[in-house]
Amino acid sequence: KNQVEQSPQSLIILEGKNCTLQCNYTVSPFSNLRWYKQDTGRGPVSLTIMTFSENTKSNGRYTATLDADTKQSSLHITASQLSDSASYICVVFSGGSYIPTFGRGTSLIVHP
Amino acid sequence: DVKVTQSSRYLVKRTGEKVFLECVQDMDHENMFWYRQDPGLGLRLIYFSYDVKMKEKGDIPEGYSVSREKKERFSLILESASTNQTSMYLCASSLFPSLSSGRAPSYYEQYFGPGTRLTVT
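The listed protein sequences derive, respectively, from chains A and B.
Note that the working numbering has the first sequence beginning at 626, numbered continuously upward.
Note that the working numbering has the second sequence beginning at 7, numbered continuously upward.
These are computed hints drawn from the structure, not numbers from a lab.
All C-beta atoms in this analysis are idealised placements derived from N, C-alpha and C, irrespective of residue type, glycine included.
Treat the hints with care, as some may be off.
Under the rule of at most 20 Å between Cα atoms (straight-line distance), these lysine to aspartate or glutamate pairs were calculated in the EDC-like manner [unchecked claim]: (1) A:Lys682 - B:Glu115; (2) A:Lys626 - B:Asp65; (3) B:Lys63 - B:Glu85; (4) B:Lys9 - A:Asp664.
Far from chain A, by Cβ distances over 12 Å, these chain B residues were calculated [claimed, not checked]: (5) Val25; (6) Lys59; (7) Gln91.
Quick list of the computed label-pair ranges, beta carbon to beta carbon [as the list claims (entries may be wrong)]: (8) B:Thr127 - A:Asn684: 40 to 46 Å; (9) A:Thr645 - B:Lys24: 25 to 31 Å; (10) B:Arg79 - A:Ala704: 37 to 43 Å; (11) A:Phe677 - B:Phe102: 19 to 25 Å; (12) A:Phe677 - B:Gly22: 21 to 27 Å; (13) B:Phe26 - A:Ser708: 33 to 39 Å.
Starting from the given sequences, assemble the full structure and let the hints guide the process.
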């Protein structure tokens, strides 16, 4: 069964600090992995997409990494801002399918 | 700019009522999806549609039905609402890639609506 596990479940950091969120998956065959950001009361918005051949991808202060061998991904947030407070969801697609497997998300709170 | 809209942001219904949740996208996307999101459980797929009048069951279709009469509109129907259907409902849409694009279907991003928070009392 395809599964996506995220850690930690929740995280509290001070504004300006860095943090890293983890995603482990057992989706096969692997096609691509996305990180979504979901603000409270809103729908998720895609931050990055990574395919099998990509190791790192950045989107502003967000940097995603992918290790396809160990089936792990991370999302690193640099110099956090209050607006980074949100849930971050790891989503993995298997090959040939447009139905993804969702992680349960990491809730990030950035305090001033 | 990509846009997926949902008919209501908040909805309160009574047990046994028939409930309609509507979703409209303006991106000419072939695929449309309905999810529910509950604390600690993440997003779970209820139904999806890859074309007009086509529908497929997701992981948790029980108690729900859907309708897609037009490409841009995908409706979720709760035939007889129950308290365990209290949840956040999210609609999403995505492209179905043409054969010439060379991209796998899953490459194409799912665009989400703002969600409808449904409370059944």
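Now the hints, each set against the structure:
| no. | hint | verdict |
| --- | --- | --- |
| 1 | A:Lys682 - B:Glu115 | holds, 16 Å |
| 2 | A:Lys626 - B:Asp65 | holds, 13 Å |
| 3 | B:Lys63 - B:Glu85 | holds, 16 Å |
| 4 | B:Lys9 - A:Asp664 | holds, 17 Å |
| 5 | Val25 | holds, 19 Å |
| 6 | Lys59 | holds, 18 Å |
| 7 | Gln91 | holds, 19 Å |
| 8 | B:Thr127 - A:Asn684: 40 to 46 Å | holds, 41 Å |
| 9 | A:Thr645 - B:Lys24: 25 to 31 Å | violated, 46 Å |
| 10 | B:Arg79 - A:Ala704: 37 to 43 Å | holds, 42 Å |
| 11 | A:Phe677 - B:Phe102: 19 to 25 Å | holds, 21 Å |
| 12 | A:Phe677 - B:Gly22: 21 to 27 Å | violated, 49 Å |
| 13 | B:Phe26 - A:Ser708: 33 to 39 Å | holds, 34 Å |
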